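J.: What follows is the residue order along each chain.
Number of protein chains: 2
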Amino acid sequence: MSKVVAQCIGMSLDGFSAGADQSMDEPLGLLGKDLMGWFFPTKTFVDMHGGEGGEIGVDDGFAAASFGRNGAWILGRNMFGPVRGPWPDEEWKGWWGEEPPYHVPAFVLTHYAREPIDMKGGTTFHFVTDGIHSALEKAKAVAGDRDVRIGGGPATIRQFLSAGLIDELHVALRPVFLGKGEPLLAGLDLRELGYHVDKMIPGERAVHMFIRKND
Amino acid sequence: MSKVVAQCIGMSLDGFSAGADQSMDEPLGLLGKDLMGWFFPTKTFVDMHGGEGGEIGVDDGFAAASFGRNGAWILGRNMFGPVRGPWPDEEWKGWWGEEPPYHVPAFVLTHYAREPIDMKGGTTFHFVTDGIHSALEKAKAVAGDRDVRIGGGPATIRQFLSAGLIDELHVALRPVFLGKGEPLLAGLDLRELGYHVDKMIPGERAVHMFIRKND
Numbered sequence: 021m022s023k024v025v026a027q028c029i030g031m032s033l034d035g036f037s038a039g040a041d042q043s044m045d046e047p048l049g050l051l052g053k054d055l056m057g058w059f060f061p062t063k064t065f066v067d068m069h070g071g072e073g074g075e076i077g078v079d080d081g082f083a084a085a086s087f088g089r090n091g092a093w094i095l096g097r098n099m100f101g102p103v104r105g106p107w108p109d110e111e112w113k114g115w116w117g118e119e120p121p122y123h124v125p126a127f128v129l130t131h132y133a134r135e136p137i138d139m140k141g142g143t144t145f146h147f148v149t150d151g152i153h154s155a156l157e158k159a160k161a162v163a164g165d166r167d168v169r170i171g172g173g174p175a176t177i178r179q180f181l182s183a184g185l186i187d188e189l190h191v192a193l194r195p196v197f198l199g200k201g202e203p204l205l206a207g208l209d210l211r212e213l214g215y216h217v218d219k220m221i222p223g224e225r226a227v228h229m230f231i232r233k234n235d
Numbered sequence: 021m022s023k024v025v026a027q028c029i030g031m032s033l034d035g036f037s038a039g040a041d042q043s044m045d046e047p048l049g050l051l052g053k054d055l056m057g058w059f060f061p062t063k064t065f066v067d068m069h070g071g072e073g074g075e076i077g078v079d080d081g082f083a084a085a086s087f088g089r090n091g092a093w094i095l096g097r098n099m100f101g102p103v104r105g106p107w108p109d110e111e112w113k114g115w116w117g118e119e120p121p122y123h124v125p126a127f128v129l130t131h132y133a134r135e136p137i138d139m140k141g142g143t144t145f146h147f148v149t150d151g152i153h154s155a156l157e158k159a160k161a162v163a164g165d166r167d168v169r170i171g172g173g174p175a176t177i178r179q180f181l182s183a184g185l186i187d188e189l190h191v192a193l194r195p196v197f198l199g200k201g202e203p204l205l206a207g208l209d210l211r212e213l214g215y216h217v218d219k220m221i222p223g224e225r226a227v228h229m230f231i232r233k234n235d
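Line by line, the protein sequences give chains A and B.
So the number in our numbering is just where the residue sits in the first sequence, counting from 1, plus 20.
So the number in our numbering is just where the residue sits in the second sequence, counting from 1, plus 20.
Bound-form chain A, shown alone (with noise of 0.2 Å):
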């Protein structure tokens, strides 16, 4: 059956999951790669990317398990890109260069239309400019039973949750601090929305939480 879920959301222990400042240098903000340090080592991550090796283990299962199911993807405006308010021109597609990691349609939520892109690899950039029930819906349709996968950025994750529209966000923590940046959690009674975790399970770099709404 087809899920809305968020997966391998890195997080620090002081509860960031972006760094502060994001930039074309920065994609995860100031600091923010210290939220993904549990993925970089693993075979997934540097099989994407024409490497040999990486490790091989519990970190690496959940990042490999995390690709499988996906029939669609939404992304926040600043998970798709630095550039803020109206579109300057077409030139900007995205942080992953002509081949994205996604395969599938990805809905961006924006508040600036713009046309459809088609990337190499199967990965179609659609915008959606009215909002987060309306991409939800555009992307169940084309994910059939397979699941529709919610990127981020934080503040996009938020929405969802306070909607209560997603129904499994896996959070990897980390033992790192940012100091500032984008919170995931903070401010949100999950409890009141539903939401428990369900499993913890210890990785090499990170814990993994696994956050499902109640039955």
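Honestly, the hints are just simulated from the structure, not real lab data.
All figures in this text were calculated on a predicted structure; none of them were measured in a lab.
Mixed in with the good hints, there may be bad ones.
Since copy identity is lost for identical chains, a pair holds within one copy or between any two.
Below, simulated SDA-like cross-link-like pairs (lysine to any residue); rule was C-alpha separation at most 25 Å, straight line [claimed, not checked]:
hint	residue 1	residue 2
1	53	233
2	200	235
3	233	109
4	53	81
5	219	76
6	53	185
7	53	212
8	233	57
9	219	60
10	219	230
11	113	73
12	53	214
13	200	214
14	63	118
15	160	78
16	233	199
17	53	87
Place chain B on chain A using the hints.
T.: What follows is chain B alone, placed relative to chain A:
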């Protein structure tokens, strides 16, 4: 060498180290017991309460170790009791009955002076009205080469962290949500304050995070 430590501080995945609405019936606030859900099954806890059995393992190891080196404790007013404002009388002597689990001098931070109280088993409660630096000085004087342990609650630990006075903070991160309560780390820039996460050790019912001051 004597250190200033805070140990076995439960924290929920949403960042709270005490529940909301502390009362006589709920010393840890609403749902606050969930924070200590890793501690209650341990042999250390069961022994302390005259029971038999109890689990031995990682969680128990840290629980047991935390009681070995304490030469003095510092407690916030709310950790000592539910009484707010001036002491109405001398009746309240802490949450713990006649023999509190400290067995050394314990300095209680308060705005309202009160005579020291000698309890069974070596605990003496001293009431300190002139702030955290004064309390720490007094505690260090009696602790000698043993540690000064900041017992909590969260507001007290935050005060000491903000002043850079804690050498080591052991957080037992729990896979639970509180939804509301008293945050432990939110709003503190621990990186700026010179702290890092030194070790992450998974236990049976909590992940133990050891936060240390940078050298």
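J.: So, for every hint listed, does it hold in this structure?
T.: Hints, one by one, checked against the model:
1. 53 with 233: For residue 53 and residue 233, the Cα distance is within 25 Å only across copies (22 Å; inside one copy 29 Å).
2. 200 with 235: between (34 Å within a copy, 22 Å between copies)
3. 233 with 109: This pair counts as neither: shortest intra-copy Cα distance 40 Å, inter-copy 48 Å.
4. 53 with 81: within (20 Å within a copy, 33 Å between copies)
5. 219 with 76: Intra 21 Å, inter 22 Å, cutoff 25 Å: intra and inter.
6. 53 with 185: Neither, since 27 Å and 29 Å both go past 25 Å.
7. 53 with 212: Between copies only: 18 Å across, 31 Å inside.
8. 233 with 57: between (28 Å within a copy, 21 Å between copies)
9. 219 with 60: both (23 Å within a copy, 20 Å between copies)
10. 219 with 230: both (5 Å within a copy, 22 Å between copies)
11. 113 with 73: neither (30 Å within a copy, 61 Å between copies)
12. 53 with 214: between (31 Å within a copy, 20 Å between copies)
13. 200 with 214: This pair counts as between: shortest inter-copy Cα distance 14 Å, intra-copy 28 Å.
14. 63 with 118: Only inside one copy: residue 63 and residue 118 sit 22 Å apart there, 58 Å across copies, limit 25 Å.
15. 160 with 78: neither (30 Å within a copy, 44 Å between copies)
16. 233 with 199: Answer is between: at 14 Å across copies they meet the 25 Å cutoff, but 29 Å inside does not.
17. 53 with 87: within (20 Å within a copy, 37 Å between copies)
When the structure is compared with the earlier hints, violations turn up for hints 3, 6, 11, 15 and for no others.
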